[in-house]
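As you go down the protein sequences, you meet chains G and Z in turn. Numbers 1 to 269, taken from the numbering used here, label the letters of the first sequence in order. Numbers 1 to 288, taken from the numbering used here, label the letters of the second sequence in order.
If you are wondering where the hints come from, they were derived from the structure by calculation, not from laboratory data.
Using C-beta positions, here's what the derived DEER-type ranges look like: (1) Gly138(G) / Gln193(Z): 27 to 33 Å; (2) Leu79(Z) / Ala122(G): 54 to 60 Å; (3) Trp278(Z) / Asp118(G): 23 to 29 Å; (4) Ser151(G) / Arg32(Z): 28 to 34 Å; (5) Ala122(Z) / Pro71(G): 26 to 32 Å; (6) Ala122(Z) / Asn38(G): 41 to 47 Å; (7) Gln193(Z) / Arg194(G): 31 to 37 Å; (8) Leu127(G) / Phe26(Z): 53 to 59 Å.
SDA-like mimics (lysine to any residue), calculated; alpha carbons at most 25 Å apart, straight line: (9) Lys129(G) / Thr166(G); (10) Lys185(Z) / Gly152(G); (11) Lys185(Z) / Thr166(G); (12) Lys129(G) / Arg117(G); (13) Lys251(G) / Met262(G); (14) Lys125(G) / Phe142(G); (15) Lys212(Z) / Leu101(Z); (16) Lys129(G) / Phe142(G); (17) Lys185(Z) / Leu69(G); (18) Lys104(G) / Pro205(Z); (19) Lys185(Z) / Ala121(G); (20) Lys69(Z) / Gly261(Z); (21) Lys120(G) / Val275(Z); (22) Lys232(Z) / Ile92(Z); (23) Lys197(Z) / Arg117(G); (24) Lys197(Z) / Asp128(G); (25) Lys120(G) / Pro147(G); (26) Lys185(Z) / Arg117(G); (27) Lys64(G) / Lys197(Z); (28) Lys185(Z) / Thr85(G); (29) Lys104(G) / Ile196(Z); (30) Lys121(Z) / Arg181(Z); (31) Lys280(Z) / Glu108(G); (32) Lys104(G) / Lys197(Z); (33) Lys232(Z) / Ile72(Z); (34) Lys129(G) / Gly152(G); (35) Lys129(G) / Gly153(G); (36) Lys104(G) / Trp278(Z); (37) Lys135(Z) / Ala122(Z); (38) Lys232(Z) / Leu146(Z).
These numbers were taken from a predicted model, which means no experiment stands behind them. Ideal placement from N, C-alpha and C gives every residue a C-beta, glycine not left out.
Chain residues, written in single-letter form:
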Amino acid sequence: MNTAVAHDYSGAPLGAPVYELTEVSKTYARNHVIALENVSLTLRKGSFTSVIGSSGCGKSTLLKIMAGLIPPTTGRVMLQNRAVTGPRRDIGMMFQQATLFPWKTAVENIVLPIEIRDGKAAANKALDKATELLDIVGLKGFENVYPNELSGGMAQRASICRMLITEPAVLLLDEPFSALDELSRDMMNMELQRICREQEATAFLVTHSIQEAVILSDEIVVMKPRPGRIAEVVTVDLPRPRTLDMMTTPKFGEIVDRIRGMLDKGEDM
Amino acid sequence: MTDYVTNAPADDETVQDTVWTQEVAFIDSVPRWIAMTFVFVVFIGTWQLVTSLGLVSPIILPTPMETLKDMIFVGANLLTGDYMLVSLWITIQEVIIGFALAIAIGFSLGVLVGETAFGEKAVMPYLVAIDTMPKVAFAPLFVAWLGFGIESKVALAAFIATFPIVVGTAAGLHAADENARMLFKTMGASRMQTLIKMKLPTGLPQIFTGLKIGAVGVMAGAITGEFLGGGKGFGELIRVAASQLNTPRVFSLILYLSLVGLALYVIVQWTQRRVVFWQKETVGSYDG
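Chain G with its partners taken away, still in its complex shape (with noise of 0.2 Å):
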């Protein structure tokens, strides 16, 4: 793979690898689908990633093996040098639904995380910090405030907090932002690459947008179906931060054209 030219989000060089997938296939026995062939990935810290890829190109499958959801049937998983044998608390995950569940609180279901893996005590303790994290994506003062009253982005800013109270190594964001209207979704992009900055963090999405794709990641992972695997890894050389203005540069359009070019060589097999 070619990492030579990634920087992180200041534009200083990569850190370690956090996630590295070696040679991860997956075949369902079912039906003898093989969802996954050959998978190698590595995720270095503080770096965004993007897969993308039509329907049916094993990035659901991925992300899952990847969120230690489902077993792979052959090959590596590792996360912080530590085989990812199932969920684990360094792992980060937000859907393209928030799920914020309408009996509790704001914060209440930011600590969820806490209190499922501690209990309710250490829960209590972590409120602090779900009001700290409330503040750092815009949600101050609505700390009290039930999910049915606040709208789709502030209801997925929340959930980036639960995401983050669990401080994870690493975030997987399954089309995060895919559900909201387009200005909302720019927005909560650029929010997506500020929080991911100050926070350091390592971020693997997974997206059906090509825009979204360019305007967030530093290397794009585009992949084809059957069976699944990747076809290509493109890097994306645009400087940090990125702004929305980005979107009308050549550069910007040439990597677009040059990934929708490879999605649809995709598409007649």
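Mind docking chain Z on chain G? Use the hints.
For chain Z alone, kept in the frame of chain G given last:
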């Protein structure tokens, strides 16, 4: 270029605010209390008309006035703690114990069926089979097993009310969406944690729907039990009044009985609003 033309009127006199009223059909604009009074008056009026024209025999349908008189008589009897209150209390006891039993059994079975594959595969088919039977037909059996006391009525009441609670609980446990399940998995939640902290709270609206249907059923069960199994409850009073062709009495007894049923329903509804405070009011609820 051509002159710039606006569509503003030339003279000041015709310049006005564009304010107009949206039409609302009269039937939609009637306030609730007027609408309810109207329906009540029409109902009583039709009743009065049918009886004063002599369309049906007074034995079959008493006049509204006769019924009102009897309601006052029954009401006085209840208030003075006479034999009718004793009967009513017996029926209320049957309803309360029956409902409590139905909740305990229905909820437990609902969790078994809704949470475990074993329950869904092995227990649910039998529950569905029993649920399709006419449950009232079991009344003689309960009498034979438990006698003519309140036990046989409690059993029938609980028997009828259990099934909607099972179904409501099982449906509620299936209500959580894929995202919520996945989220709990990624947080490393145990099965018990997932059940208690996520699936049960998510399913509370469905569970309460089951409880409300059960609350209606428990009343019907208790009264049917009294019709078929004797005893000293309110159902027995109705049965005796009917056999004496004392129709006004039957009417007023049913009315007071329905107040008990209504009270039970309102208690469940009130509890639901307190417990499931995040649930939006559904269409058809009493405050619209």
